[in-house]
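Asker: In the order they appear, the protein sequences are chains A and B. Quick note on the numbering used here: the first sequence kicks off at 2 and runs consecutively. Quick note on the numbering used here: the second sequence kicks off at 2 and runs consecutively.
In case anyone wonders, no lab produced these hints; they're calculated from the structure. Note that the coordinates shown come from a computational prediction; the quantities given were computed from them, not determined experimentally. A portion of the hints provided could be inaccurate.
Copies of the same chain look alike in the list, so a pair counts if it works inside one copy or between any two.
In silico EDC-like links for lysine to aspartate or glutamate, alpha-carbon gap of 16 Å or less [what the hints assert, rightly or not]:
id, residue 1, residue 2
1, Lys59, Glu117
2, Lys29, Asp75
3, Lys9, Asp81
4, Lys9, Asp83
5, Lys29, Glu14
2 protein chains.
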Amino acid sequence: MQINWLDKIAWNEQGLVPAIAQDVETGKILMLAWMNREALQLTVQHKRAVYWSRSRTKLWFKGEESGQIQHIKDIRLDCDNDVILLSVEQTGVACHTGRHNCFFQQLQDEQWVTVEPVLKDPATLYSN
Amino acid sequence: MQINWLDKIAWNEQGLVPAIAQDVETGKILMLAWMNREALQLTVQHKRAVYWSRSRTKLWFKGEESGQIQHIKDIRLDCDNDVILLSVEQTGVACHTGRHNCFFQQLQDEQWVTVEPVLKDPATLYSN
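Using the sequences and the accompanying hints, generate a full structural model.
Answerer: What follows is the structure, encoded as structure tokens:
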């Protein structure tokens, strides 16, 4: 008997897995967010990233408010079945700070230094 | 007063953060593992990836047994201060299965299909 592809995933105690979003063109890591079963199912169905917001405790249709959508090009699962890797085509910027990606703090001599510019005013991303 | 760079990190309830390892040359994602405060401190100190093994509940000096070391080239922190991104120079293969990286299962028509070859016999990685 074939198991459902969603049952293969080793969901954590909260029913979540981390999902890494990588830019399909540049290979840059955009962000890491979390998914529950429904979020992953919706992601596959709509071919757009849908996460589970742990802070708002609800489904997070990435780009729904900001317009910064992630179109899914490829989905991978790791050897332990507990991490998802998404290859995505990112509309605009991935980070809520208006930066290209969320990993803009670089460790330099025991200090975190911001090394990526703000490309979009965050106020314009969440104006509605 | 300047806070310690380790105090900026939003460790989870278990005192851990996820750390993504990315190949500095190819941009490929190698793996995701977890770090506690000591693991990250040792990583910076030795310029080699040190993780916290959740299954073995101890520090995991990546490559100590297998020889598959990760030399650290860059360390980033995300906007929420709760995900680490490592750029690494990977010796050999990253995955314990002997594959280049851990994300070798691709979702194809609701099935996870293995799409990366085994490059090293896992038995030779952990023979001692």
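Asker: 16 Å Cα cut-off: does Lys29 pair with Glu14 within a copy, between copies, both or neither?
Answerer: Close neither inside one copy (30 Å) nor across copies (29 Å); limit 16 Å.
Asker: Given a CA cutoff of 16 Å, do Lys29 and Asp75 count as a within-copy pair, a between-copy pair, both, or neither?
Answerer: both (15 Å within a copy, 14 Å between copies)
Asker: From the Cα coordinates, with 16 Å as the cut-off, is the pair Lys59 and Glu117 best called within, between, both, or neither?
Answerer: Neither: 29 Å inside a copy, 35 Å across copies.
Asker: At most 16 Å between CA atoms: does that hold for Lys9 and Asp83 within a copy, between copies, both, or neither?
Answerer: Close inside one copy (9 Å), not across copies (26 Å); limit 16 Å.
Asker: With identical chains, the pair Lys9 and Asp81 could be close in the same copy or across copies; at 16 Å between alpha carbons, which is it: within, between, both, or neither?
Answerer: Result: close within a single copy only, 10 Å intra versus 29 Å inter.
In this structure, the earlier hints numbered 1, 5 are contradicted, and the remaining ones agree with it.
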